[in-house]
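A.B. asks: Sequence:
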Amino acid sequence: MNVVTLRTWLLHVGIFGIAFTIYWLSAGLLERTDSPDTAYFNYLADAFLAGRLYLLDPPAYDDLTFFADKWYVAFPPLPALLLLPWVAIAGVEQVNTVLFGALMGAMNVVLAFLLVQTLAKRGWTRLGLIDNLWLTVLFGVGTVHWYVSTLGSVWFISQVCTVTFMLLAAWSTAATGSAVFSGTALALAMLARPHVGLCYPLLLALAVQHRREQTGKTGVAQWASWAFLSLAPLVLCVALMLWYNHARFNNPFDFGYLQQNIKDELLADLRMYGQFDLHYVPHNLWVMLLAGPAWDAAEYRMIPTIDGMSIFHTTPALVYVFNAVHRSIVVLGAWVAWGLLLIPLLTYYNTGWWQFGYRFSLDFMTPALVLLAFSAGSRVGWRMQLLILIGVLMNAWGVWWYFNPRFF
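In our numbering, the protein residues as written are 1032 to 1439.
One or more hints might be untrue.
Claimed, not checked - Each computed EDC-like pair below joins lysine to aspartate or glutamate, with the alpha-carbon atoms no more than 20 Å apart:
| # | residue 1 | residue 2 |
| --- | --- | --- |
| 1 | K1101 | D1088 |
| 2 | K1101 | D1068 |
| 3 | K1152 | E1244 |
| 4 | K1101 | D1285 |
| 5 | K1294 | D1338 |
| 6 | K1294 | E1124 |
By construction, these hints were calculated from the structure, which means they are not laboratory data.
Hey, can you work out the whole structure from these sequences and the hints?
C.D. replies: Here is the structure:
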């Protein structure tokens, strides 16, 4: 191993170590390092090992689905599949989903760095190492990814694992152009949150740019070849989810969401309009783009709005994405992917609800990160750095608020 390779590996290990320390200490300092009762995926992994698809005597029932006298985890099973080795070796009671979330979250930070660094090394963006580290800081502690990686409950573990494989898909496409590997990574992300398959245009754009540089050709035949090989794992994933749904609820198209044991505050709209409807768009847009914190008259201070807050409040540096207007197929692919991902998010019956910021923003953070890398130009200037630091402070506030026993 030469000196450059050694330094690169040490840098990656250092990024992982710092991110993991921040995430784990955030939970530890606020005394919330035990797996919550609503982790569920650890118990689902244990059920899989026992040949079951349902839970026996779950410690909580929030957002579980009761069907045919059994309790099911409605959410797709990727986190449970990832936890299988840990559960098999140590037993379900020894599995710590908060630790698992912190480890996966730290891995995401490394993948975010690898993605933006690869874009620069290929000459697609003009940022240096320090600039890409600034973008890594933005992702790791300047977005809701910070607090989501410290919780360990079913909703947040699902999102952290989704981000892992979305970033892996984008990075591997940029780095190698591999259709099979990239498609498989995105398919695994879909096994946690199926709609993230809509990020596919970003992968296709990265692949086209990669092949254009490798072969000098971008004909229809090459597009079709890459698309066929990369879409095959996605098709297999869809088939697996259809089988999983049928095995649980006797209906391949039923995820069990409509029968979930959800809070009364969300139930009325769900029963009247269904899980997806245009009725939800105005409120979802308000929360995603404009909503701010609320004034607590009793405590004489500002507190986060639990229904969600604007992405520009929690990650103000995101305003720089609007500078990404380059004539680049990668930029076009990122914008198309982001736009497609907004469709299910804006028409969904809730905003993520009890949360800090807008946690569903993690679904489009991969294309957003690509756009930020292009929009920064030749360096992350002081204004963008200032906005990144403001975002870090905002998310530190969010972590403290979410874990504070007075508010939870």
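A.B. asks: Please go over all the hints and tell whether each is borne out by the structure.
C.D. replies: Quick rundown of the hints versus the structure:
no.	hint	in the structure
1	K1101 x D1088	holds (9 Å)
2	K1101 x D1068	holds (18 Å)
3	K1152 x E1244	holds (13 Å)
4	K1101 x D1285	holds (16 Å)
5	K1294 x D1338	holds (13 Å)
6	K1294 x E1124	violated (27 Å)
Of the numbered hints listed earlier, the single one contradicted by the structure is hint 6.
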